[in-house]
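Given the structure of chain A, go ahead and fit chain B onto it with the hints provided.
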Amino acid sequence: MPALNRLYREYRDRVAFYVVYIQEAHPVDAWQVDDNLEDDVLVASTQTTDERYKAAGICVTKLNIELPAVIDGSDNRIERAYTGWPDRLYVIDRAGRVAYKSAAGPFGFKPAQVEQTLKHMLPSGAALTGPGDE
Amino acid sequence: MRWVVRAVIALVVCYVVLFTAVLAAMLQPPERFGQFMRYMPAPVVWAGLPASRMWLWARSGTVAEGDLAPDFTLPTLDHSRKITLSSFRGERPVVLVFGSYT
Chain A
122 MPALNRLYRE YRDRVAFYVV YIQEAHPVDA WQVDDNLEDD VLVASTQTTD
172 ERYKAAGICV TKLNIELPAV IDGSDNRIER AYTGWPDRLY VIDRAGRVAY
222 KSAAGPFGFK PAQVEQTLKH MLPSGAALTG PGDE
Chain B
15 MRWVVRAVIA LVVCYVVLFT AVLAAMLQPP ERFGQFMRYM PAPVVWAGLP
65 ASRMWLWARS GTVAEGDLAP DFTLPTLDHS RKITLSSFRG ERPVVLVFGS
115 YT
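If you read the sequences in order, they're chains A and B. Counting from 122, one number per residue, gives the positions in the first sequence under our numbering. Counting from 15, one number per residue, gives the positions in the second sequence under our numbering.
These aren't lab readings, by the way, just hints derived from the structure by calculation. Here the structure is a predicted model, which means the values were calculated and not measured. Be aware that one or more of the hints could be misleading.
What the hints assert, rightly or not - Partial chain B-side listing against chain A, Cβ under 7 Å, derived:
1. W17
2. V18
3. D81
4. P107
5. L110
6. Y115
Said to hold, decoys possible - With a cut-off of at most 27 Å between alpha-carbon atoms, the simulated BS3-like pairs for lysine-lysine come out as follows:
7. A:K183 - B:K96
8. A:K240 - A:K175
9. A:K175 - B:K96
Each residue gets a CB set at the ideal place from its N, CA and C atoms; glycine is no exception.
Next up, chain A with everything else stripped away, as it sits in the complex (with noise of 0.2 Å):
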């Protein structure tokens, strides 16, 4: 979290960073994993709205996530359509396409690539004007 939160500080002013949070990678219910019996990270399989609004804030907070944070809803559609789930990374252009799509996390979630990617499509240092000026 601190390189997208840095990344967040930095860029804010030009591009809009959502995380987009979806059903638990290791919920109690299902695989749960050992580093998160040690850090005490145990959250149940979020089935309802409320219950992944809930878990979204307890990540938000204990994580010091600086990002906005958008909640998908129990049918999961956005996780779906994207393959989000565990965790991934995407930029979209402001054409609305996609401009970088991260391989499937945890592998492939490296907040570095975003960094690159923003870097080659904003001009450094200039704030962005408006449509057409790319």
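Leaving out everything else, chain B in the frame of chain A:
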């Protein structure tokens, strides 16, 4: 020597069966995959099979770079409003971070 040949064949068959079962599980929705991994001894998957490569392939998904990003409207965590991805078109790029606490 025939028993050695039989043993090798048996091992290969076991490996192929395991590979197929794990790959099939990886292609399931996350909640099913999670249930599968709950009962599968992790070392079998991670040490015995090319698991990360299988995972990257199984989870490649349908969206490709260059495609129009699938649109969505989702509520924010603070309940203040709904965000529609396409509203940023012509305005600014968007970074999406998919994830959860666990």
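Hints versus structure:
The criterion of a C-beta within 7 Å of any C-beta in chain A is not met by B:W17, whose closest approach is roughly 38 Å, and the hint is violated. The beta carbon of B:V18 is not positioned within 7 Å of any beta carbon in chain A (closest approach about 37 Å), and the interface hint is therefore violated. The interface hint given for B:D81 holds, since its Cβ lies 5 Å from the closest Cβ of chain A, which is under the 7 Å cut-off. This hint holds: B:P107 has a C-beta 5 Å from the nearest C-beta of chain A, less than the 7 Å allowed.
Restraint check, B:L110 versus chain A: the minimum CB separation of about 4 Å is within 7 Å; hint holds. Among the interface hints, the one on B:Y115 holds; its C-beta lies about 4 Å from the nearest C-beta in chain A, closer than the 7 Å criterion. Distance hint between A:K183 and B:K96 is fulfilled; the C-alpha atoms sit about 24 Å from each other, no more than 27 Å. Straight-line distance between C-alpha atoms of A:K240 and A:K175 comes to about 34 Å, which puts the hinted pair past the 27 Å bound.
Our distance criterion of 27 Å between C-alpha atoms is met by A:K175 and B:K96, whose separation comes to about 17 Å.
Violation of the numbered hints given earlier is confined to hints 1, 2, 8; the remaining hints are satisfied by the structure.
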